[in-house]
Amino acid sequence: GAGVSQSPSNKVTEKGKDVELRCDPISGHTALYWYRQRLGQGLEFLIYFQGNSAPDKSGLPSDRFSAERTGESVSTLTIQRTQQEDSAVYLCASSAQGQVGQPQHFGDGTRLSIL
Amino acid sequence: AQSVAQPEDQVNVAEGNPLTVKCTYSVSGNPYLFWYVQYPNRGLQFLLKYITGDNLVKGSYGFEAEFNKSQTSFHLKKPSALVSDSALYFCAVRDRGGGNKLTFGTGTQLKVEL
Chain P
5 GAGVSQSPSN KVTEKGKDVE LRCDPISGHT ALYWYRQRLG QGLEFLIYFQ GNSAPDKSGL
65 PSDRFSAERT GESVSTLTIQ RTQQEDSAVY LCASSAQGQV GQPQHFGDGT RLSIL
Chain V
17 AQSVAQPEDQ VNVAEGNPLT VKCTYSVSGN PYLFWYVQYP NRGLQFLLKY ITGDNLVKGS
77 YGFEAEFNKS QTSFHLKKPS ALVSDSALYF CAVRDRGGGN KLTFGTGTQL KVEL
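Quick note, the sequences are listed as chains P and V, same order.
Residue 5 is where the first sequence starts when you use our numbering, and the numbers rise one by one after that.
Residue 17 is where the second sequence starts when you use our numbering, and the numbers rise one by one after that.
Because the hints were derived from the structure by calculation, they are not lab data.
Any given hint might turn out to be false.
Unchecked claim - To spell it out: a stretch of chain P is covered by chain V in this simulated footprint if at least three of its residues, at any positions, have a beta carbon under 8 angstroms from a beta carbon of chain V; those stretches are:
(1) 45-58
(2) 68-74
As the list claims (entries may be wrong) - Heads up, incomplete: computed chain V residues facing chain P, CB under 7 angstroms, no partners named:
(3) 44
(4) 48
(5) 55
(6) 56
(7) 58
(8) 60
(9) 62
(10) 65
(11) 67
(12) 69
(13) 117
(14) 121
(15) 122
Glycine residues also receive a C-beta, built at the ideal position from the N, C-alpha and C atoms.
For reference, chain P alone in the conformation it holds in the complex (with noise of 0.2 angstroms):
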């Protein structure tokens, strides 16, 4: 597609429920990345993805966080036993590789709110 796509772009949910957020990242784009922007806040760093594997997971909150991505394409953020600390805008971004200093382009995120 054109851009970087995310679903749903709202979720609630209520505590302790799982989530799973999906970005489908620019056709072509080999990184994939995932951040977490809470209200107010700059942007937290999640995870990296290079093609499927992800070599770099060192933003991942807790172990109840994780991610996977198939096909070089669709990545998929899944929360389980979601807290209200949770709660905030999960932003996806695609880059191409090749160049050095390639801009991340993003998504419009998915704003998730656990009551």
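Given chain P, work out where chain V should sit, using these hints.
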């Protein structure tokens, strides 16, 4: 560890006046530097980047940024602000040495008034 500081939570400027949004960084070695803009309920849009070469970088929508190695700064500028420039601006750094993640500043809210 790399870090970015945006010392101003908000910048107010009158339309037609020049604007500056400040950013300083800390990395080991030479950095890749980026500016992004975020409009309400949207993702981040890439404005410009510094990789190497000229210290003055020109980007989208008339924005430019000046890389200053001695002051470890990368301030965003525009000669004449527009009301439509009002948005949240993020500076980000990527360490050349390793990893591909961006480290972002906390953002600066720019408000351009008539």
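Against the structure, the hints:
1. Only when three residues or more bring their CB closer than 8 angstroms to a CB of chain V does the claim for the stretch 45-58 of chain P stand; here the count is 6, and the claim holds.
2. Residues of the stretch 68-74 of chain P with a Cβ under 8 angstroms from some Cβ of chain V number 0, which does not satisfy the need for three, so the listed coverage is violated.
3. Nearest Cβ of chain P to the Cβ of residue 44 of chain V: about 17 angstroms, over the 7 angstroms cut. The hint is violated.
4. Evaluation of the residue 48 of chain V hint against chain P yields a held restraint, the C-beta minimum of about 5 angstroms falling below 7 angstroms.
5. Restraint check, residue 55 of chain V versus chain P: the minimum CB separation of about 10 angstroms is more than 7 angstroms; hint violated.
6. Taking 7 angstroms as the C-beta cut-off, the interface hint given for residue 56 of chain V is violated, the closest approach to chain P being about 11 angstroms.
7. Below 7 angstroms, beta-carbon pairs count as interface contacts, and residue 58 of chain V has one with chain P at about 5 angstroms; its hint therefore holds.
8. Taking 7 angstroms as the C-beta contact cut-off toward chain P, the hint placing residue 60 of chain V at the interface holds, the least distance being around 4 angstroms.
9. Here the hint on residue 62 of chain V is kept, as its CB sits about 4 angstroms from the closest CB of chain P, short of 7 angstroms.
10. Here the hint on residue 65 of chain V is kept, as its CB sits about 6 angstroms from the closest CB of chain P, short of 7 angstroms.
11. About 4 angstroms separates the beta-carbon of residue 67 of chain V from the nearest beta-carbon of chain P, less than 7 angstroms, and the hint is met.
12. Taking 7 angstroms as the C-beta cut-off, the interface hint given for residue 69 of chain V is violated, the closest approach to chain P being about 11 angstroms.
13. Hint on residue 117 of chain V holds. Least Cβ distance to chain P is approximately 4 angstroms, under the 7 angstroms limit.
14. Among the interface hints, the one on residue 121 of chain V holds; its C-beta lies about 6 angstroms from the nearest C-beta in chain P, closer than the 7 angstroms criterion.
15. Against a cut-off of 7 angstroms between C-beta atoms, the interface hint on residue 122 of chain V holds, since the closest Cβ of chain P lies about 4 angstroms away.
Comparing the model with each numbered hint stated earlier shows that hints 2, 3, 5, 6 and 12 do not hold.
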